[in-house]
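Visitor: Each chain, written out:
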Amino acid sequence: MAHDVGVSGSTLSADLRVRRGDFDLDLALTVQPGEVVALLGPNGAGKSTALRVLAGLLPLDDGTVRLGRTVVEDTVGRVRLEPDERQVGVVFQDYLLFPHLTARENVAFGLRARGIARREARERADDWLARVGLVEHAGQKPRQLSGGQAQRVALARALAAEPRLLLLDEPLAALDAATRLEVRADLRRHLASFDGATVVVTHDALDAMVLADRLVVVENGRVVQSGAPREVAAHPRTDYVARLVGLNLLRGFAVRGRVDLAGGSTVTSAGHADGDVFVSFAPNAVALHRSRPDSSARNCWPARVASVESHGDTVRVALDGEIPVVAEVTPWAVAELGLRPGGEVWATVKATEIVVYPA
Amino acid sequence: MATVAVLFLVVPVIGLLVRTPWSTLGDVLSRDTSIEALRLSLMCATLATAVSLVLGVPLAWVLARGDFPGRSLLRAAVTVPLVLPPVVGGVALFAALGRRGLVGRPLDEIFGITLPFTTAAVVVAETFVAMPFLVIAVEGALRGADRRYDEAAATLGASRWYTFRRVTLPLVAPGVAAGSVLCWARALGEFGATITFAGNFPGTTRTMPIEVYITLQQDPAAAVALSLVLLVVSVAVLAGLRERWLTTSA
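Those protein sequences? They're chains A and B, same order as listed.
Everything in the first sequence is counted per the working numbering, starting at 1 for the first residue and increasing by one.
Everything in the second sequence is counted per the working numbering, starting at 1 for the first residue and increasing by one.
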């Protein structure tokens, strides 16, 4: 659909270094045309700073930003294009639709700013509104639109200006859960039809997994992990990522399936990786027992219950002790085992449930 | 104390209404001198407001958005006319724009333009005194406006000037309107700087306030009638603009 936009895609290659007070960001990022990369990280990780730098709203302290063959910013060569010279479209977290303009005028804004005649700009704006399914709302002001509609107008406004790079800042954060589900699927479709590079900033793992072709996980201004969503979800490399994807993560040293953990204990895995490894397994792979079980599970250790939290129709039990992990059990098991903070239990995990991969 | 304040502010206006010679009102107002003075006042106040808008809005933008050393000094300089006695303002204008003045002499010698005692001088005097009201109001509105809308416009490829026209200015329109009303009202009532710099010539520089002052010495009742006209005009404009602009600011 977006091929009629007429701007062939260009690769984003950026090397960003920004210092602000005691925070510093050091991030290298390459995004191919048509590729959607999610910058995923906790609040304060520097994702939004990176986005503002790419848009030209914040200067680089050191580094380069290139779009195809265009040098957008280069601190050594002293090149710096202003935001309005970059052809970088931004969908802001709270959309920032101009409140005094109608949806159509908002979408036409970028075209009008470039000197395209009112009538043509209007027609192209209407085309974009049709693509996002909002033709009948063209004459409405932003305050008359729902959150989901405003989000789509913001997307149409950014795309109508024919950007070479599209940036989205927490695009779904301002929406309620029900709208989010619907808009997320729509957004995925529109991003897929955009042939430029796209960067989505989010702290929501699900948004990142659904929208992006590749995840770049940022913590404290540094990339800690990157890869395809499935790869990142299966093999988390930091506690933050493990928590996001809901896995237990441990570090250790493996020799043929036997892993000596940092805490001194040992676990056995069916996988085979040697040397420094990550060990991960799902919370529902952890079984809890009142006394030492007599089962086939080779991984068995005593633990103390740190907390018990209801999580949907299951219960998450955080365990202290030599191997700190989270177990997911049924409410029935909680009652049966008499689980409460401070209680003593035995935990087991089958070797086949444990994934081991090089650190 | 608040009651005293209200009485203090309201009683003089009531006094004006009570003393108005309603029977001869028509007579007084249809005098050529009255009509001439009112026409001149309305025209000059409107021109002064127009000049203040053209010059004052960019100045307010610089004060609100600019980032340069000496900005607070500039703001102080701009607000001087607010605290300056208008007569002193008139003398200052004379010193600068009079035939022997700093700017007035080259203006006279090179272009043959002399400002003092012309209708243009009335506009200059009124603008000098009234523009700071507009600048302060617009600057406040610009400070209160969300600058991220400007950023959004920039990412859509809009130049600063385009952004200013299509985004910034419409967003602060209520502030500009309020500033214009204040500016116009101040210009309409201008007396001290006008009579000092522009003088008192019927038809060219004798504005309504000057007419009122002069009439008061000969015919107090007529002066009251003329004052009433100024009062009505001011209140009408304020009320009219309030309906149109000021209440829709939210």
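Think of the hints as simulated: they come from the structure by calculation, not from any bench.
Heads up, a few of these hints could be off.
[As the list claims (entries may be wrong)] Below, computed lysine to any residue pairings styled on SDA-like, alpha-carbon distance capped at 20 Å:
#1 A:K141 <-> B:P174
#2 A:K141 <-> B:L171
#3 A:K141 <-> B:L16
#4 A:K141 <-> B:R166
#5 A:K141 <-> B:R148
#6 A:K141 <-> B:V78
#7 A:K141 <-> B:D150
#8 A:K141 <-> B:L169
#9 A:K141 <-> B:Y149
#10 A:K141 <-> B:R165
[As the list claims (entries may be wrong)] Interface residues of chain A toward chain B, partial, derived using beta-carbon atoms under 8 Å:
#11 P83
#12 G89
#13 V90
#14 F92
#15 Q93
#16 L96
#17 R114
#18 R157
#19 E336
[What the hints assert, rightly or not] Pulled from the structure, derived: some chain B residues nowhere near chain A, Cβ distances all over 10 Å:
#20 L9
#21 L63
#22 P85
#23 F111
#24 A152
#25 R166
#26 V167
#27 P170
#28 L171
#29 L182
#30 G189
#31 P202
Glycine is no exception: its CB is placed at the ideal position from the N, C-alpha and C atoms.
Visitor: Would you mind marking each hint as holding or not holding in the structure?
Guide: Here's how the hints hold up against the structure:
1. A:K141 <-> B:P174: holds (18 Å)
2. A:K141 <-> B:L171: This hinted pair holds, its Cα atoms lying about 14 Å apart.
3. A:K141 <-> B:L16: At roughly 47 Å apart (the allowed maximum being 20 Å), L16 (chain B) and K141 (chain A) break the hint.
4. A:K141 <-> B:R166: OK: K141 (chain A) and R166 (chain B) at ~15 Å, within 20 Å.
5. A:K141 <-> B:R148: holds (18 Å)
6. A:K141 <-> B:V78: violated (37 Å)
7. A:K141 <-> B:D150: holds (18 Å)
8. A:K141 <-> B:L169: holds (18 Å)
9. A:K141 <-> B:Y149: It holds: about 15 Å lies between the C-alpha atoms, which stays within 20 Å.
10. A:K141 <-> B:R165: holds (19 Å)
11. P83: holds (4 Å)
12. G89: holds (6 Å)
13. V90: holds (4 Å)
14. F92: Where the cut-off is 8 Å and the nearest Cβ of chain B is about 6 Å from F92 (chain A), the hint holds.
15. Q93: Violated, because the Cβ-Cβ distance from Q93 (chain A) to chain B comes to roughly 10 Å (cut-off 8 Å).
16. L96: holds (4 Å)
17. R114: R114 (chain A) check passes; min Cβ-Cβ to chain B is 5 Å, inside 8 Å.
18. R157: holds (7 Å)
19. E336: violated (55 Å)
20. L9: Non-interface label stands for L9 (chain B): nearest chain A Cβ at 36 Å, farther than 10 Å.
21. L63: holds (22 Å)
22. P85: holds (41 Å)
23. F111: holds (38 Å)
24. A152: violated (4 Å)
25. R166: violated (7 Å)
26. V167: Label violated. Min Cβ-Cβ 6 Å, cutoff 10 Å.
27. P170: Violated, since 5 Å does not exceed 10 Å.
28. L171: Non-interface label fails for L171 (chain B): nearest chain A Cβ at 7 Å, not farther than 10 Å.
29. L182: holds (23 Å)
30. G189: holds (33 Å)
31. P202: holds (46 Å)
Comparing the model with each numbered hint stated earlier shows that hints 3, 6, 15, 19, 24, 25, 26, 27 and 28 do not hold.
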